[in-house]
Amino acid sequence: MPDGVTGTGIGAAVKRVEDQRFLTGRGNYTDDINRPGQTYAYVLRSPHAHATIKSIDTAAASAASGVVAVFTGADMEVGGLPCGWLIHNEDGSPMHEPPHPPLAVGKVRHVGDQVAAVIAESLAEAKNAAELIKVDYGVLPAVMNMKAAEAGGTLVHDDIGTNKCYDWGIGDKDAVDAALAASAHVTEIDIVNNRLIPNAMEPRAAVADFNGANSEYTLYTTSQNPHVIRLLMGAFVLSLPEHKLRVIAPDVGGGFGSKIFLYAEETIITWASARIGRPIKWTADRSEAFMTDAHGRDHVTHAKLGIDANGKFTALKVETYANMGAYLSTFASSVPTYLYATLLAGVYTTPVIYANVKAIFTNTVPVDAYRGAGRPEASYLLERIVDRAARETGVDQLEIRRHNMIQPDAFPYQTPVALSYDSGNYQATLDSALSLGDVPGFPARKAASAAKGLKRGIGYSTYIEACGIAPSAVAGALGARAGLYESAEVRVHPTGSVTIFTGSHSHGQGHETTFAQIVSDQLGIAMENIEINHGDTGNVQFGMGTYGSRSLAVGGTALVKATGKIIAKASKIAAHIMEASADDIEFKDGNFTVAGTDKSMAFGEIALAAYVPHNFPHDELEPGLDETAFYDPANFTFPGGTHICEVEVDPETGVVKVDSFTAVDDIGRVINPMIVEGQVHGGVAQGIGQALLEGCSYDSDGQLLTGSYMDYTMPRADNLPTFKVATQSTLCTHNILGVKGVGEVGAIGSPPAVINAIVDALSDLGVKDISMPATSSKVWQAIQDARG
Amino acid sequence: MPTVSMTVNGKPVSGEVEARTLLVQFLRDQLRLTGTHVGCDTSQCGACVVHIDGESAKSCTMLALQADGAAVTTIEGLADGETLHPMQEAFRNNHGLQCGFCTPGMVMSAIDLVKKNPKASETEIREWLEGNICRCTGYHNIVKSIQEAAGNMGG
Ligand code: FES
Ligand code: FES
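So the protein sequences, as listed, match chains H and P.
Per numbering that gives the first Met the number 0, the very first residue in the first sequence carries number 0; after that it's consecutive.
Per numbering that gives the first Met the number 0, the very first residue in the second sequence carries number 0; after that it's consecutive.
Only chain H is shown next, with the shape it has when bound in the complex (with noise of 0.2 Å):
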């Protein structure tokens, strides 16, 4: 790998292609686009959270002005929705998958279920006739808490005779019993993990255009895999071909995970446009957004950790209910599974663990996928455990915290709950992370913030997550429905430029810049040769696309081979041309040379020898140049870190200020400094968010009291800190690039330690815990109930 620091390639931080076209108002969002004849599609939605549907009467709408059609469930004779991730009982039963029609069939589940699809010349006019549209419902008592939802009662899915999906466990349960039994002290903690609404900045939308002439759909849709829409939506809904269906996901404005999943929408529209004859486009409102866009979080958990008499520890035990909302989303079943149980280990040498997840239906949005996924679960988790462990037994946080860690000579170290970390040196990212935070400098800051009145707190988070997902053979043994390779194609073209079509997605993460880099690198052309083209079923060969910070790992990897055939082919190429062994030829700088002379060719002459194959080896290649290579990663990779938050705490109201955040994250090789520490700003801003300002809640009916930004706090520019973040890389031992993915580490990392800083900050009154979001008025009445 060349040096790579300089220029533009490997570790550069190198200016974004990308920003040109956004800075000037060029981008070309879902919503941007219209399709001549278009008409316009507007969702009536459940106004009650669980209610039958005895009746729905369309006449005098389908009567309106500039009305095409409407359409209701008894219209939409498709599949359900389907749940990409199959999980089993610890009895061995499978989950329960209730159907999730795209329009409400019998019965609404949540505020905000689709009940009919209005279609009009206008926007205009198709929210006019919704209002004409009477339904009857028949209101059912609203299913919102889910341990009394366990027990029974009203039942959101009738058929299925329970509202609980599965009852998942892993680990060995007995062991950890016997071995919290025998710990010198058990540290217990209730846990909530609030729940939060993504909120990416574009709204979702979508424009769905049927061609007659040959029977082709073309879907325009703000997703982060365009073509796991294409399979979902053609295989499992639509019953449509792939080769029929083609789906667009043109510039997207933030994903965040809520751009994974299929949604109703986009379903109904693509269907209803083969009805219609005619293109359709649909876009949520920022209202129908907070009401429909698949939730995060939202886990209710009890846990216990065992420690020894040496202060080692001996076991934990974890018990979490986690809320699936009124129906399985995508991926939702995997989320408090197999992205949240297995990273309990954490950092730490636990020698047994053992988790029981309970996911129960409720009368609220579906919750999915959301920036980490899973794995801010089990990191504020540990965390706050490890953080209400040390105060117990009087030992110092940093130092419960290295007396447990995985040592840097124990890689690969398989954990008690099933995966196996390949390297990391959680030491390092801790030492720089407590002089990049300057932590001596601690007790000064204190006392200078005492001395104003006010409480200042330290806050540490020594996290570990899992992405880069993943391996195919272990995600299919583990209930996925999917593979979960990437792909990429080379496309060489004749005067030596170069397009890249690769099945991530980019929605922010800058791909056109960073894959643009990884290709100069390699084939030693510059980047403006290079063109990065994703998200078009109609030009990519096929892409699982982008979550889980997986873009580089799996899809730069997927690059990387397939740049390799093609120094591979021309290298054969130029050593026919030269009249040289391949093995003797040097392919460096952009230039094919003969070892030992001075018999050199350009990659823009071997390209152009490819397709005017005049002096070609014939019999041994075909013309052209353009491969493309799939990748399925051999493990998963392990990001990790440690996030240092201090907070000033104003004990009269309660307020919080986050002081200063430090984020010394280990993320494998960097390809762009600029871009890591960008993607690492949004993800701590996400994480102080959850951690002070977000919280999605309704009332005991199942109504939506979050449902704009006057009313869900979004993390605005003075709540938030300039924060110090840096880079200590171990590298991934089992990619290329060496890479381990950057997108989540941040919100992973940081809401433990704002709560740790928080409950650091007012120990001294007796706070012992604090609940997400730490508003100023839920500090103050801690502050108060301490203080009796």
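Treat each hint with caution, since some may be false.
A partial selection of chain P residues facing chain H, derived with a Cβ cut-off under 7 Å [unchecked claim]:
| no. | residue |
| --- | --- |
| 1 | G38 |
| 2 | C39 |
| 3 | D40 |
| 4 | E54 |
| 5 | G80 |
| 6 | L96 |
| 7 | C98 |
| 8 | C101 |
| 9 | T102 |
| 10 | P103 |
| 11 | R125 |
| 12 | L128 |
| 13 | E129 |
| 14 | C135 |
| 15 | T136 |
| 16 | Y138 |
Covered stretches of chain P, as calculated for chain H (at least 3 residues, CB under 8 Å) [said to hold, decoys possible]:
| no. | region |
| --- | --- |
| 17 | 4-18 |
| 18 | 64-77 |
None of these hints come from the bench; they were simulated from the model.
Virtual Cβ for every residue (Gly too), placed ideally from N, Cα, C.
Starting from the structure of chain H, add chain P with the ligands where the hints point.
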């Protein structure tokens, strides 16, 4: 339907609108200036910020008819050909954008800030940005971008 006339990015335009048509709808749907975005329905995200007679304003929060006779500048009207406005350039230079969806509103809002307060402190910049939500960047690089642009714009 009433007719509305205004200057948009230096060019006179007019069109028929309904009384309820919002300025952002006129810009996006009728003029096809899709650089101005819509991120919310409660006037809080700032993705829709444009300049009306040189002042930043949320184009989702005014009717097209209210802009009758005004000079409107959108994100499309800032650059001089391929030469970016110093604020756009600073966003590019400091990685002040990721998905790009909040960016037009951020840039338009930030230009107005620097015009009004050329020496804005970090705290003042962060407070000004209360009305612009970004989910991607954590604001760190947006603040840096605005600080750099303020210097380059003669602040
Ligand atoms: S669209 Fe959100 S403030 Fe205008
Ligand atoms: S860059 Fe994506 S919302 Fe700001």
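The hints, checked one at a time:
1. G38: At 5 Å from the nearest chain H Cβ, P:G38 passes the 7 Å test, so the hint holds.
2. C39: This hint holds: P:C39 lies near chain H, its Cβ roughly 4 Å from the closest one there, short of 7 Å.
3. D40: holds (5 Å)
4. E54: Constraint on P:E54 not satisfied, violated at 19 Å.
5. G80: Because about 10 Å separates P:G80 from the closest Cβ in chain H, which is outside the 7 Å limit, the hint is violated.
6. L96: holds (6 Å)
7. C98: Status holds, d = 3 Å.
8. C101: holds (5 Å)
9. T102: holds (5 Å)
10. P103: holds (6 Å)
11. R125: Result: holds, 4 Å to nearest chain H Cβ.
12. L128: With Cβ-Cβ at 4 Å, under 7 Å, it holds.
13. E129: Result: holds, 5 Å to nearest chain H Cβ.
14. C135: holds (5 Å)
15. T136: OK, holds: P:T136 within 7 Å of chain H, min 6 Å.
16. Y138: holds (4 Å)
17. 4-18: The restraint on the region 4-18 of chain P is violated, since only 1 of its residues have a Cβ under 8 Å from chain H and three are required.
18. 64-77: Contact hint for the region 64-77 of chain P vs chain H: holds, 4 residues under 8 Å.
Consistency note: the structure conflicts with the earlier hints numbered 4, 5, 17.
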